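Given only the sequences and the hints, what does the whole structure look like? Please build it.
For the sequence shown, the UniProt record's numbering assigns the number 1 to the initial residue and increments by one for each residue that follows.
Derived from the structure by calculation, the hints contain no laboratory data.
Be aware that a few hints might be false.
What the hints assert, rightly or not - Simulated pairs of lysine to any residue, SDA-like, Cα-Cα distance not exceeding 25 angstroms:
1. Lys16 to Phe121
2. Lys16 to Leu59
3. Lys100 to Ser53
4. Lys16 to Leu5
5. Lys16 to Val58
Note that this is a predicted model, so its numbers are computed, not measured.
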Amino acid sequence: MSLLLQALQANYPLIKNLHIGLVSCSGTLFALRGLGVLAGAAWPMQAWARRLSVWIDVLLLSAGVSLWTLLGLNPAREHWLGVKLMLLLVYIVLGSIALKRGRTRGQRALGYLAALAVFGFMVTVARAHHPLGWLAG
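As structure tokens, then:
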């Protein structure tokens, strides 16, 4: 067993809790930045806010990949993980529309609401370990 895998196994609870905490931080920061953009505030697009968002998301992805490696998950075999990764891509696109790519306030608002909905559904997929998330019953 590699030293990296041993280190991951020894720190599984820490990595899992870090991942969950970073999900909360990432979602909260996106929600606040999106509200700020819709309100016409300048701060959501300032360098510090964008950098903070990137750092949180890089750490979140790193923790997620660490868990994925540690647990030996394969998104082609674990369908819930494959769905979660596809939803992540959709969330990124919608978040981009909400924060900067939307040309009108209406487009940004729609992107914002859709991104929040996808984020929430992604959380239910992860918690249920089922591709349908909360819809699986």
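Do the hints match the structure? See the list:
In summary, the hint linking Lys16 to Phe121 is supported, as the alpha carbons are separated by about 19 angstroms, within the 25 angstroms threshold. Distance restraint check for Lys16 and Leu59: the Cα-Cα separation of roughly 12 angstroms lies within the 25 angstroms cut-off, and the hinted pair is therefore satisfied. Between Lys100 and Ser53, the direct Cα distance comes to roughly 14 angstroms. Compliance with the 25 angstroms bound is thereby established for this hinted pair. Note on Lys16 and Leu5: the hinted pairing holds, with a Cα-Cα distance of about 15 angstroms set against a maximum of 25 angstroms.
For the proposed pair Lys16 and Val58, the alpha carbon gap of about 15 angstroms is at most 25 angstroms, so the pair holds.
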